[in-house]
Amino acid sequence: MTIREMAERLEATVYAEPDQLDIDLKGAFGSDMMSDVLAFADDRDVLLTGLLNSQIVRTAHMLDMSCIIIVRGKKATEEIKTLAVENHIALLETKMTMYEASGRLYEGGLGR
Amino acid sequence: MTENEPLHFHYDVDGNNFTSAGEASVQVKRMLRQMGFHPDLIRRISVAMYEGEINMVIHAKGGDADVYVTPECITVVLKDVGPGIKDVNLAMQEGYSTAPDNIRSLGFGAGMGLPNMKRYSDELKIDSVVGVGTTIEMKFLPA
Ligand SMILES: Nc1ncnc2c1ncn2[C@@H]1O[C@H](COP(=O)(O)OP(=O)(O)O)[C@@H](O)[C@H]1O
Ligand SMILES: [Mg+2]
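Keeping their order, the protein sequence lines are chains B and Y. Counting along the first sequence from 1, when you hit position 26 you're at 26 in the numbering used here, and nothing is skipped either side. Counting along the second sequence from 1, when you hit position 109 you're at 109 in the numbering used here, and nothing is skipped either side.
Treat the hints with caution; some may be incorrect.
Taking CB as the label site, the calculated pair distances span [said to hold, decoys possible]:
hint: 1; chain 1: B; residue 1: His88; chain 2: Y; residue 2: Ala143; range: 20 to 28 angstroms
hint: 2; chain 1: Y; residue 1: Asp101; chain 2: B; residue 2: Tyr99; range: 33 to 41 angstroms
hint: 3; chain 1: B; residue 1: Pro18; chain 2: Y; residue 2: Lys86; range: 28 to 36 angstroms
hint: 4; chain 1: B; residue 1: Lys26; chain 2: Y; residue 2: Gln34; range: 22 to 30 angstroms
In the DSBU-like style, the derived pairs of lysine-lysine whose C-alpha atoms are separated by at most 30 angstroms in a straight line are [stated by the list, open to error]:
hint: 5; chain 1: Y; residue 1: Lys118; chain 2: B; residue 2: Lys26
hint: 6; chain 1: B; residue 1: Lys81; chain 2: Y; residue 2: Lys61
hint: 7; chain 1: B; residue 1: Lys81; chain 2: B; residue 2: Lys26
hint: 8; chain 1: B; residue 1: Lys75; chain 2: B; residue 2: Lys95
hint: 9; chain 1: Y; residue 1: Lys125; chain 2: Y; residue 2: Lys139
hint: 10; chain 1: Y; residue 1: Lys139; chain 2: Y; residue 2: Lys79
Quick caveat, the hints were computed from the structure, so don't treat them as lab data. Glycine included, every Cβ here is placed at the ideal spot set by N, Cα and C.
Chain B with its partners taken away, still in its complex shape (with noise of 0.2 angstroms):
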């Protein structure tokens, strides 16, 4: 599922390049617990999660992972935007839980 296609689906705020929109990514990963998604989250996954600090683009940077999505309605500070856009990150806010954006995601199909 594209990045571009992730955004519609989660009615989603969008901080990304044009160009990222197109990315195509597999999987999905939620947790606001960073160490379990350096355990287990994949380069082709997007990650999902309410926790707001410069950690989960550091994780996802760590990773190779191309997109977070921001759940809860929480706003993305200025330093996560920076971070973000200097690594080559898009960004995604919804206002929809972890399990409604989860639900949402993989009924479209992704990570099936």
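With the hints as your guide, set chain Y with the ligands onto chain B.
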């Protein structure tokens, strides 16, 4: 780059700044990319080093990170003068953590750091003395 003389890179890890934790790993990742190592190898190194760097910040008071690079082996040495680890075998177990709740609310302290470092490295050595400090050495071999 020759086998006898590894390239050496040194980084100070600031123990007072959670926000900047991981910057050394970011620099190492960039440097290894420039050198042309395989992305899978770089991912293993940067994830393992990042966990170690985070540990130095949340459990010790920061420390020194040294990376030695040859075409055959990348060695990461993380040294701190923090409280040390009382029972290394226990600390290696998935889920074991002494991190306080405020660290968990920052996304770490799930007790997966050391297991991740073991999972992603080809060799992990922990030398820790309570009250003196901890030195962790990880080796990574290109496939
Ligand atoms: N550099 C260190 N100095 C002192 N104690 C450490 C250090 N690294 C790890 N530890 C101890 O080992 C435990 C397990 O570490 P880890 O697996 O990374 O889990 P976490 O960091 O989530 O607690 C820590 O909770 C801590 O008690
Ligand atoms: Mg840890």
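Tested hints:
Evaluation of the 20 to 28 angstroms hint for histidine 88(B) and alanine 143(Y) yields a pass: the beta carbon distance comes to about 26 angstroms. Restraint check, aspartate 101(Y) to tyrosine 99(B): a C-beta distance of roughly 23 angstroms breaks the suggested window 33 to 41 angstroms. Take proline 18(B) and lysine 86(Y): their Cβ atoms lie about 53 angstroms apart, and the range 28 to 36 angstroms is violated. One distance hint, 22 to 30 angstroms for the beta-carbon pair lysine 26(B) and glutamine 34(Y), holds here, with the actual separation near 28 angstroms.
At roughly 26 angstroms between alpha-carbon atoms, lysine 118(Y) and lysine 26(B) fall within 30 angstroms of each other, so this suggested pair holds. Between lysine 81(B) and lysine 61(Y) the alpha-carbon distance is near 28 angstroms, which keeps this suggested pair within the 30 angstroms criterion. With a C-alpha separation of about 24 angstroms, the suggested pairing of lysine 81(B) with lysine 26(B) holds against the 30 angstroms cut-off. About 10 angstroms separates the Cα atoms of lysine 75(B) and lysine 95(B), which keeps this hinted pair within 30 angstroms; it holds.
Pair hint lysine 125(Y) plus lysine 139(Y) holds up; C-alpha atoms about 9 angstroms apart against a cutoff of 30 angstroms. Under the criterion of a C-alpha separation no larger than 30 angstroms, the hint pairing lysine 139(Y) with lysine 79(Y) is consistent with the structure, at around 15 angstroms.
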